[in-house]
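J.: Sequence:
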Amino acid sequence: MLRACVIDFKGNWDYHLPLIEFAYNNSYNLNIGMAAFEVLYGRRCRSPIELAQASREANYLVNQNVGIAVERIRDFTRMIPPKFHGFKVYEDPQKFIDEVYKIVGIMGLLMIEKSELAAYQLKGVTEVWFDKWKGDRVIDMGPLHWEKLKGFFLTIYFFFK
28 MLRACVIDFK GNWDYHLPLI EFAYNNSYNL NIGMAAFEVL YGRRCRSPIE
78 LAQASREANY LVNQNVGIAV ERIRDFTRMI PPKFHGFKVY EDPQKFIDEV
128 YKIVGIMGLL MIEKSELAAY QLKGVTEVWF DKWKGDRVID MGPLHWEKLK
178 GFFLTIYFFF K
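Residue numbering for the sequence shown follows this note's numbering, starting at 28 and increasing by one per position.
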């Protein structure tokens, strides 16, 4: 078979070699009753087209909650919520809280989800502050609710008022 391919395909072997390899792997052997690839790997050799179809059909989201969280973040960012940096003079923390609350209120989220999305919009100094504050919280305090975040956030940035 290889001899026939060498005679027929004179030219660029970079193009023809994968085709020849695929044909060889799928050629039926009468002595063993199956293809050589099947003997080695215990399954049929698949073409690149079949591999591409299989990868498209594969379901990569093992945890459905991950997909829901990604959709919520995407929807939230499409509504163009304000960002809060914490060091700009013109930033008003109360206005930031009110604007974010309006957006998450429209989305119909739980209080825990509201606080997580609000924290997603904290940038720079406030992001560092939030990570430290969240890490220092006692586990017994429970999940982070919107009112807890709002109250503590406004007490930290009260000097802007």
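Some hints could be false.
Here are the computed distance ranges between Cβ atoms for each label pair [what the hints assert, rightly or not]:
1. His172 with Gly69: 53 to 59 Å
2. Pro45 with Ile133: 17 to 23 Å
3. Ile139 with Thr104: 51 to 57 Å
4. Asp102 with Gly60: 40 to 46 Å
5. Lys159 with Arg71: 52 to 58 Å
If you're looking for bench data, these hints aren't it; they were derived computationally from the structure. Given the structure is predicted, the values throughout are model-derived calculations rather than measurements. We put the CB at the ideal spot given by N, CA and C, even for glycine.
J.: Each hint needs a verdict: does it hold in this structure or not?
T.: Outcome of the hint check:
1. Evaluation of the 53 to 59 Å hint for His172 and Gly69 yields a pass: the beta carbon distance comes to about 54 Å.
2. At roughly 53 Å, the beta carbons of Pro45 and Ile133 sit outside the given window of 17 to 23 Å.
3. Between Ile139 and Thr104, the C-beta spacing of about 19 Å breaks the proposed range 51 to 57 Å.
4. Against the hinted window of 40 to 46 Å, the Cβ-Cβ separation of Asp102 and Gly60 comes to about 57 Å, which falls outside the hint.
5. Take Lys159 and Arg71: their Cβ atoms lie about 56 Å apart, and the range 52 to 58 Å holds.
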